[in-house]
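> Chain A is fixed; fit chain B onto it per the hints.
Same order as they appear, the protein sequences are chains A and B. Counting in the working numbering, the first sequence runs from 52 upward without gaps. Counting in the working numbering, the second sequence runs from 52 upward without gaps.
Wrong hints could be hidden among the right ones.
Residues of chain A placed beyond 10 Å of chain B at every Cβ, according to the derived structure [unchecked claim]:
| no. | residue |
| --- | --- |
| 1 | Ser-68 |
| 2 | Phe-76 |
| 3 | Asp-161 |
| 4 | Val-254 |
| 5 | Ser-292 |
| 6 | Lys-345 |
| 7 | Ala-355 |
With a Cα cut of at most 20 Å, we get these calculated DMTMM-like pairs of lysine to aspartate or glutamate [as the list claims (entries may be wrong)]:
| no. | chain 1 | residue 1 | chain 2 | residue 2 |
| --- | --- | --- | --- | --- |
| 8 | A | Lys-345 | B | Asp-314 |
| 9 | A | Lys-345 | B | Glu-184 |
| 10 | B | Lys-345 | B | Glu-364 |
| 11 | B | Lys-337 | A | Asp-100 |
| 12 | B | Lys-77 | A | Glu-316 |
| 13 | B | Lys-77 | A | Asp-100 |
| 14 | B | Lys-345 | A | Asp-58 |
| 15 | A | Lys-345 | B | Glu-348 |
| 16 | A | Lys-371 | A | Asp-253 |
| 17 | B | Lys-345 | A | Glu-307 |
| 18 | A | Lys-345 | A | Glu-364 |
| 19 | B | Lys-345 | A | Asp-253 |
| 20 | B | Lys-345 | B | Glu-334 |
| 21 | A | Lys-77 | B | Asp-100 |
| 22 | A | Lys-337 | B | Asp-100 |
| 23 | A | Lys-77 | B | Asp-88 |
| 24 | B | Lys-168 | B | Glu-184 |
Quick caveat, the hints were computed from the structure, so don't treat them as lab data. For every residue, glycine included, the Cβ atom is placed at its ideal position computed from N, Cα and C.
Number of protein chains: 2
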Amino acid sequence: MQLLGCDVAALNTVHFSNHTGYRQFKGTRSTAQEISDLYQGLCQSHLTDFDVMLSGYAPVLQHARPSQTLAHFFGVCSTLSLLNSPLTVNQPTVLDPVMGDQGRLYVNEDVVPAYKKIIHHADLILPNQFEAEVLSGIKITSLSTLAEAITAIHTTYSVPHVIITSVRISQFSSSPETTTDNLTVIGSTIKSDGSPRLFRVDVPALDCFFSGTGDMFAALTVARLREAVFAADSTLRSTKSWATVKVLASMHSVLERTLEARDVELRATASAEKTEPGLSEGEKQKREYLRRTKAAEVRVVRNARFLREPDVEFQAREWKKEDLPAGLQ
Amino acid sequence: MQLLGCDVAALNTVHFSNHTGYRQFKGTRSTAQEISDLYQGLCQSHLTDFDVMLSGYAPVLQHARPSQTLAHFFGVCSTLSLLNSPLTVNQPTVLDPVMGDQGRLYVNEDVVPAYKKIIHHADLILPNQFEAEVLSGIKITSLSTLAEAITAIHTTYSVPHVIITSVRISQFSSSPETTTDNLTVIGSTIKSDGSPRLFRVDVPALDCFFSGTGDMFAALTVARLREAVFAADSTLRSTKSWATVKVLASMHSVLERTLEARDVELRATASAEKTEPGLSEGEKQKREYLRRTKAAEVRVVRNARFLREPDVEFQAREWKKEDLPAGLQ
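Isolated chain A (complex conformation):
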């Protein structure tokens, strides 16, 4: 976000030594009271002239109910939307309902109902496929169920804009696209009749598990939306697909270069690994997992130029009527 010109005030919900993809970390979680105090600190010195609010990872708390954190978070959020700002009219509140991925929750179960309660405060939410299933209660196994889930999210939570950040349409059994391994991003804006206006962007999938790509998508989306709104005085709706295309181009370039750097690092560290003496089989496996996780760390900073000026182009396509199940056409 800073690389795209945003001044950012971060209210950290955790203070961890590393991301949880390593399966081990040390550090502390902020309590709901601590987050609230930080925001009160900004308020008392009149430092809350923000344009956009973006929420992210808010995991289980040790000493407070998680719903309390989220309530405080959106206490912050509601206050923000009342403030004067060049974006007052279209001031977006962007919520990334971080709950899990690939069929698995990685926050406390209490976080789910907490999100369900506060999503109506958001202008745009950014669930992944699993989170969209959790929010809609609909298992996404086809284009029909995907469209149903999006419609359900719009109507259940009165949220006008949704971007589902990664769907593997090629894994749907009924899909004609089983040969290409793409990740598809689906954007949707609710129409006055309650039906969704949809667009999709397809991006080639890369064969690696990266941590933090959801955060990267959310951060870049906020920065690009802000840029578009400031530049053209246009609305969130008309700039969303433009922003998404830019975001995905940046991410694809950064992740491609990360893959190259990962391979270099894996080759460079392989020999060192082999000579490490006296490790049990379990220790060796753990060491290898840590080595591979570190090698796949997304190279954001050294690929900064691709955040500013991505060198690939993807296209946003309207998701056509015939793609939708009969009831939604």
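For chain B alone, kept in the frame of chain A given last:
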């Protein structure tokens, strides 16, 4: 640092809502144990392949002695210097002995002896004029006492490189330079005979109090030194004045633009201030102080290009023998 291509792992010593220049803030201080835990977290997942260690603000702790924080900090530091790294031979440890400014300590008094105990671990320290006085025990009122203080710091703490980040030579009563209001940065490297090899860079002073310029100087210096060492495989000594010149050029450009933006913001917010009803005189003064402090916030991110490519040039000059007091020539 990120804008200059460094991947940075931050161990936060405080979690504050805003910098302390506002004279009010909310938030928490990390305990020594928390900092140590975070570093242990990095260690256990083999994430400690850093090139450089930079220490900064470590204020009084509520629940631990401050010396304990610094000890933990330099436990981290000593461990780092034992690690394999492309920079092993010249791996710099840079210490910004943050204690105070303009005659006033802004950390607990216990922090002073703690710094004095651990400075010998550092390759380069970055005190301001006041901190150099505290470390050397010599009040800097002239070019002679300045040179004496630097010599004392080299010999007392066995620290090979010192940069004094801001000296107002024009305020020295004996100075012939009373007409120009410059800030002078003095760099020094200890020679084999114990005397200092000195350089100086003069920069026009800007008429505004900025918060965070010490941190900015330290961060840019580390990034530029790293860049120079990687590029030329040269030593810390030969690249220090080059790095300092680049750092000061970036800072001057960013601060000049900050001044312009400050003036715009002060004009824009002046009318809003006047119409705020029902404030007492004391409240009005406080509100005005907060308004001016916020307006002077350093615009780092939106002036990113000046960090990468500063557009002014300052010169490093050797500080000549005749500038030094007789005993130091």
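> Hint by hint, note whether the structure agrees.
Cross-check of the supplied hints:
1. Ser-68: A/Ser-68 is in fact no farther than 10 Å from some Cβ atom of chain B, at 3 Å.
2. Phe-76: About 5 Å separates A/Phe-76 from the closest Cβ of chain B, which leaves it inside 10 Å; violated.
3. Asp-161: holds, 24 Å
4. Val-254: holds, 25 Å
5. Ser-292: Holds, since 27 Å exceeds 10 Å.
6. Lys-345: For A/Lys-345, whose nearest Cβ neighbour in chain B is about 6 Å away, the distance does not exceed 10 Å, so it is violated.
7. Ala-355: Non-interface label on A/Ala-355 violated, nearest chain B Cβ at 7 Å vs cutoff 10 Å.
8. A/Lys-345 x B/Asp-314: Roughly 46 Å between the alpha carbons, so the hint for A/Lys-345 and B/Asp-314 is violated.
9. A/Lys-345 x B/Glu-184: Distance of about 44 Å is beyond 20 Å: violated.
10. B/Lys-345 x B/Glu-364: Violated: B/Lys-345 and B/Glu-364 sit about 29 Å apart, past 20 Å.
11. B/Lys-337 x A/Asp-100: holds, 18 Å
12. B/Lys-77 x A/Glu-316: The given pair, whose Cα atoms are some 42 Å apart, is violated under the 20 Å limit.
13. B/Lys-77 x A/Asp-100: holds, 18 Å
14. B/Lys-345 x A/Asp-58: holds, 13 Å
15. A/Lys-345 x B/Glu-348: violated, 36 Å
16. A/Lys-371 x A/Asp-253: Holds: A/Lys-371 and A/Asp-253 sit about 15 Å apart, inside 20 Å.
17. B/Lys-345 x A/Glu-307: violated, 40 Å
18. A/Lys-345 x A/Glu-364: violated, 29 Å
19. B/Lys-345 x A/Asp-253: Roughly 43 Å between the alpha carbons, so the hint for B/Lys-345 and A/Asp-253 is violated.
20. B/Lys-345 x B/Glu-334: holds, 16 Å
21. A/Lys-77 x B/Asp-100: holds, 18 Å
22. A/Lys-337 x B/Asp-100: holds, 18 Å
23. A/Lys-77 x B/Asp-88: holds, 6 Å
24. B/Lys-168 x B/Glu-184: holds, 16 Å
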